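Q: Take the sequence shown: its letter number 83 is residue 768 in our numbering, and every next letter is one higher.
Since the hints were derived computationally from the structure, they do not count as laboratory data.
Wrong hints could be hidden among the right ones.
Simulated crosslink set (DSSO-like; lysine-lysine; CA at most 27 Å straight-line) [as the list claims (entries may be wrong)]:
#1 Lys725 with Lys707
#2 Lys731 with Lys695
#3 Lys768 with Lys725
From a predicted model like this one, the values you see are computed outputs, not experimental measurements.
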Amino acid sequence: SFFFFFALIKSHFGFANAQIAKMEIYAPDRGYARILLVTKYGYDLKYANHALRLIWQLEQFLRDGEIQLPYNKYVVESLLSIKEGRLSKSDFLNLYYAESDRVSEAATKNLAQLPEHPRIDIINELLVGFYEAYYYGKTI
């Protein structure tokens, strides 16, 4: 895909890891419901869920070149178990780091095949086509 490039992998992992950092911080400005999550479960389930989903989305994008919804049954059940607080913090972190390491290994194998930058020329051409289709009724 012309949207996929080297820096996207690094930024995706960075975003997921930032969710892990936020997951472990008790921040009163996040709202009462999220404070309750941290108090009850020892971590913010929403940030945890988001972090793991990002890792699995990257894996799917590396494998298939796209992200398809709905997710497969394993992913849905895993994310639901996190959302419902069925995983302890340590069990979640073990799962997250195992999945992150596995996807990181797969990403490393793909790095040589990825361009350093996105294909702006193709993306611009696609956007112009969308605008022309919308405003002038042209087909893409």
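Q: Each hint needs a verdict: does it hold in this structure or not?
A: Verification of the supplied hints:
For the given pair, Lys725 sits about 16 Å from Lys707 by alpha-carbon distance, which is consistent with the 27 Å threshold. Between Lys731 and Lys695, the direct Cα distance comes to roughly 22 Å. Compliance with the 27 Å bound is thereby established for this hinted pair. Only pairs whose Cα atoms come within 27 Å are accepted, and Lys768 paired with Lys725 is accepted, the gap being roughly 13 Å.
Hint compliance for this structure: every hint is met.
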